[in-house]
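Visitor: So the protein lines, in turn, are chains B and X. Residues in the first sequence are numbered consecutively from 1, following the numbering used here. Residues in the second sequence are numbered consecutively from 1001, following the numbering used here.
Note that these hints are calculated values from the structure, not bench results. It should be emphasised that the depicted structure is a prediction, and the values quoted were computed from it without experimental measurement. Glycine residues also receive a C-beta, built at the ideal position from the N, C-alpha and C atoms. Certain hints may be false.
[As the list claims (entries may be wrong)] Covered stretches of chain B, as calculated for chain X (at least 3 residues, CB under 8 angstroms):
| hint | region |
| --- | --- |
| 1 | 95-104 |
| 2 | 271-277 |
| 3 | 280-293 |
[Unchecked claim] Some, not all, of what chain X presents toward chain B, calculated at C-beta under 10 angstroms:
| hint | residue |
| --- | --- |
| 4 | Gln1012 |
| 5 | Val1014 |
| 6 | Val1022 |
| 7 | Ala1023 |
| 8 | Val1024 |
| 9 | Gln1025 |
| 10 | Asp1027 |
| 11 | Gly1028 |
| 12 | Gln1029 |
| 13 | Leu1032 |
| 14 | Leu1040 |
| 15 | Leu1042 |
| 16 | Leu1043 |
| 17 | Thr1097 |
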Amino acid sequence: MTTAPAWSAAQAAAAVPAPGCTAAGDLRFSNHGGTWAYRSRGFRALEHTFRIRSDDGDCGPFLDTVFQEFVSEHQVAVTYSLVTVGSGEARRLALYANEERICLARTESRRLSILLWHVNQQVIRRTSPYNVLLHAAAAERDGVCVVLPAEMESGKTTTVAGLLLAGYRYLTDEAVAIDPESLLVSPFPKALSVDRGSWPVLPELQPAYTPVFTQWQVPPRGKGLRGTAQPHRPRLLVTPRYVEGAPTALERLSRGDAVLLVAQSTFEFAVRARRNLTVAARVAESCDAYRLTIGDLPTAVVLIDELVDDVLRRRS
Amino acid sequence: MSSTASTAVGLQDVLRRGDSVVAVQVDGQAVLFEESLASLSLLDPIATAVWNATDGMRTVAELCDELAHTYSAPVSRVQADVVPLLARLVETRMLCT
């Protein structure tokens, strides 16, 4: 018998407070009487709807680029306000979600990284009641949806970036949203958050402007990337783990292990355990599942590509 | 989960599934989630057979007799394997008396 703590990675990701965040509600947004130099369009990322405004216009092009896949005419629930507070040594950069202050940062890099973090958290919180949400990346080729569930820092974003550069269409690098009835994966095409450690293996994705110093934010369109996929049912589960110097190799997982993998990757698994475990079993039954040890990215992409080819051969 | 069960299970006990357990089965393997401990367990095929046979009606001895018959194995051997497994399942609240 194998026992594991449920939803370990997903829960940890959902529960980690943004460093520098204040407790919600302690400071209300009422200190901005000026005009807005930047106002975004409305955005919808799964069930999170938002727009952004700033008293500094410099961040506008970056935010428009990062959230370009989410443009929507939908009425928004959250307005993020980026406001400069104080001057000189006491100057701080505040971020509000509606009236609640989320952070008071010293640098724009920090404020923007917290904004991106907050959007992801809200997507998870607002979408989990309606979809089974996995901590995973995903991409699609020729109708075959590849889901890459893994803990943080395992190489999900790097792997999915490699697939996109090989011609796959993008679904997400963070949260796979599965409809509990149809099992269709809805796209959550956030900009890929490429950590510094992966920059050397993905040089073609370097953005022109990197205001968040620790990560590249790469939209899934342009630079040879084909954009966002339509909803598809998962067909391959591949859990990646980068191990420096290791041979890149696949290991087949049993369907039981696949259920565990999906369950442990589900955000807020315990809150809706019956629904989530049922969906985990249905996903496992409809997928081939593998553990992928990644020593080098090109080989990993070839191995996944071969799995997709195999699915297509069997389908035809 | 500890590999050494400390919960005693006797041959005359009647065990039933825990009230807060959610279970699914794929390819002959059960995956159990116990809500109060928030623990997930994957049972191998034999443990799954034991889980499926635990119906809240039969004693552990009767359950072992049935499994011994099904698997053509000596009852003593089945009891030696099954009783510790049941103890672990009780310990993790997957089963209760």
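Visitor: Hints broken by the structure, by number, lowest first?
Guide: Hints 1, 4, 5, 17 are the ones this structure does not satisfy, whereas the remaining hints hold.
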